[in-house]
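Chemist: The listed protein sequences derive, respectively, from chains A and B. Residue numbers for the first sequence follow the working numbering, so the first one is 1 and each next one is one higher. Residue numbers for the second sequence follow the working numbering, so the first one is 1 and each next one is one higher.
Treat the hints as calculated values from the structure; they're not laboratory data. Fair warning: this is a prediction, and the values are worked out from it, not measured in the lab. Ideal Cβ placement from N, Cα and C applies to all residues, glycine included. Fair warning: there could be bad hints in the mix.
[Unchecked claim] Each pair of labels, with its calculated beta carbon distance range:
1) B:D124 to A:K123: 37 to 45 Å
2) B:K336 to A:A195: 19 to 27 Å
3) B:Y125 to A:E57: 28 to 36 Å
4) A:A180 to B:I273: 39 to 47 Å
5) B:I273 to A:N202: 35 to 43 Å
6) A:A195 to B:R120: 37 to 45 Å
7) B:K5 to A:Q85: 33 to 41 Å
8) B:V331 to A:R17: 53 to 61 Å
9) B:S7 to A:I112: 14 to 22 Å
10) A:D146 to B:I320: 27 to 35 Å
11) A:K123 to B:A132: 42 to 50 Å
12) A:K171 to B:I273: 46 to 54 Å
[As the list claims (entries may be wrong)] These stretches of chain A come out as covered by chain B in the derived footprint (C-beta under 8 Å, 3 or more residues):
13) 8-22
14) 80-87
15) 99-105
16) 115-121
17) 190-204
[Claimed, not checked] Heads up, simulated DSSO-like pairs for lysine-lysine below, C-alpha to C-alpha not over 30 Å straight-line:
18) A:K91 to B:K336
19) A:K91 to B:K122
20) A:K108 to B:K8
21) A:K120 to B:K8
22) A:K145 to B:K38
23) B:K8 to A:K122
24) A:K120 to B:K5
25) B:K336 to A:K145
26) B:K5 to A:K126
27) B:K8 to B:K336
28) B:K5 to A:K54
29) B:K330 to A:K120
30) B:K330 to A:K126
31) B:K158 to A:K123
32) B:K6 to A:K123
33) A:K156 to B:K330
34) A:K199 to A:K145
Here's the letter readout for the chains.
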Amino acid sequence: MALLEVNNLCISFGGLRAVDDFNLRIEKGELYGLIGPNGAGKTTVFNLLTGVYKPNEGIIRLDGEDITRKSTTEINHEGIARTFQNIRLFKNMSVLDNVKVGLTERFKYSTIEGIFHLGKYKKVEKEMDEEALRLLSVFGLEEEKDTLASNLPYGKQRKLEIARAMATSPKLLLLDEPAAGMNPNETQELMETIALVRKKFNMTILLIEHDMKLVSGICEKLTVLNFGRVLCQGETREVLTHPDVVKAYLGE
Amino acid sequence: MNLTKKSKDNLITYGIVVAAYVIFQILSVTGNLSSHMKGLLVPMTYYAVIAVALNLCVGILGELSIGHCGFMCIGAFTSAFFSKVTENTLPSALRFVLAFVIGIAISALFGFLIGIPVLRLKGDYLAIVTLAFGEIIKNVINAFYIGIDGKGVHFSLKNSMELGLEPDGQLIVNGAMGITGTPHNSSFTVGIIVLLLSLFVVLNLVNSRDGRAIMAVRDNYIAAEATGINVTRYKMMAFIISAAIAGAAGVLFSHNITTLTASSQYFGYNASIMILVYVVLGGIGNIRGSVIAACILYLLPELLRGFSTYRMLIYSIVLIVMMIVNWSPKVIEFRKRTFGKFSLKRQ
Chain A
1 MALLEVNNLC ISFGGLRAVD DFNLRIEKGE LYGLIGPNGA GKTTVFNLLT
51 GVYKPNEGII RLDGEDITRK STTEINHEGI ARTFQNIRLF KNMSVLDNVK
101 VGLTERFKYS TIEGIFHLGK YKKVEKEMDE EALRLLSVFG LEEEKDTLAS
151 NLPYGKQRKL EIARAMATSP KLLLLDEPAA GMNPNETQEL METIALVRKK
201 FNMTILLIEH DMKLVSGICE KLTVLNFGRV LCQGETREVL THPDVVKAYL
251 GE
Chain B
1 MNLTKKSKDN LITYGIVVAA YVIFQILSVT GNLSSHMKGL LVPMTYYAVI
51 AVALNLCVGI LGELSIGHCG FMCIGAFTSA FFSKVTENTL PSALRFVLAF
101 VIGIAISALF GFLIGIPVLR LKGDYLAIVT LAFGEIIKNV INAFYIGIDG
151 KGVHFSLKNS MELGLEPDGQ LIVNGAMGIT GTPHNSSFTV GIIVLLLSLF
201 VVLNLVNSRD GRAIMAVRDN YIAAEATGIN VTRYKMMAFI ISAAIAGAAG
251 VLFSHNITTL TASSQYFGYN ASIMILVYVV LGGIGNIRGS VIAACILYLL
301 PELLRGFSTY RMLIYSIVLI VMMIVNWSPK VIEFRKRTFG KFSLKRQ
């Protein structure tokens, strides 16, 4: 059984079919790339997968369970975490607290215990700190734990966003243009980070990317979108040399 | 015991409040405080309390409410009603504690009820609707006539004659005339205790998983949703706690005044905006700043009464100076250099 199974997904905005008859199968442990020219509908697919938009048609199954009509929050609880194309951190909170927000649903004590710092509060907060620091160290951010998120350099903000997503302990991680706005060195470092996340957490990853070097370097399978439709799907090398894909990217 | 930076910061806040209490008590006992000044101490505490409540809503939750005096009004009237009814049947300490419980609980309930429609809105729209609810609460309470006699509770929206009270009956809420003769249980000490408790609740909340979730919603609700935070739940939680604390300020208010009326002076939008001024000048999200700003800005116009003509001029200059000191990047930088780690820091 595939981890993520998307069948016949469609959404229209007014008269525009932004995504049309989209199908996708991602097996556990795969690193899957979603590419396509600007405006092809890649981010719309992410928004459909995470419940930001509700599809007009189609079914999304995660681990066999239908999550099509669920809210963004519920879908996160089911096991999909994501990052955003334009970084969305909790800017006025510390790096550590950003990750601890991601841990909210995994480490629990009641509101009353929280307000009066009673009962499980101390123990659970300590566990949260340890878990958050463990995650931050994976991404090399433990030194900056008390820095405000907005004061981090760009590349580290990207990493923090991934760390926060990982804190919710997802089954599937969606990365929306993780290398956007990065120089080649930072992109290289990011590729290593993604590879590390995958190995260390045995994570299944779906990413949107424009940087072909990154895509061909780490993705095993690709889906190419063009004008909201799947143009081509399969192994990375085959897809990138497919005549239709070359045409969509480079023109006739 | 190793203290984290946050808990050290919190201890400083409690320390400032306790120090202020001790200083004012000493001044009062040694007879250095005029009776006019003594009369300002309790209002100072309840304005500090409601400033803390509003900062939870504006600074921590990030939703601009300009109707918070409405919750204070609910807390004031429900608790005064209770105290008046049970004046002769309950010992005063117990009655006052119960008055707090009732005032806080009913304000929280109204926080929930008003929060359902209001929290669906954002930004300016939310501010305007909270303003409207604040006014509605005030005006509705102005139309209430409630009396009690041997047969039970009588209620009318027309006038006190409509109640048809028995000769032995007691008129409790007399429309725009409000509630007269609520027992004077509020004191500076009680006010400081309530202030410390509300500080305790808000500062602890901020350092808990619920508080972090609330601030996450403030900073980026789209990311908060995608991180598994139930946005509606946490917005509601912050709004209810904020309303409850505002209700506690109302209980202090009503038990410090002989005639409680739902007048614009105390519960209108002007009063709500005045409290917003405390919060903004003290620093949005800076709880300690709210307390300090509320105390200074409440006392100042009162202390300047001697300068009658120049009173409002001096007050406005102080407002401008406070704004510059708290918000101008250059001044903040200067303060950091000069005072180092002792400088007040925005959260």
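Chemist: So which of the earlier hints does this model not fit?
Modeler: 2, 5, 13, 17, 22, 28, 29, 30 and 31
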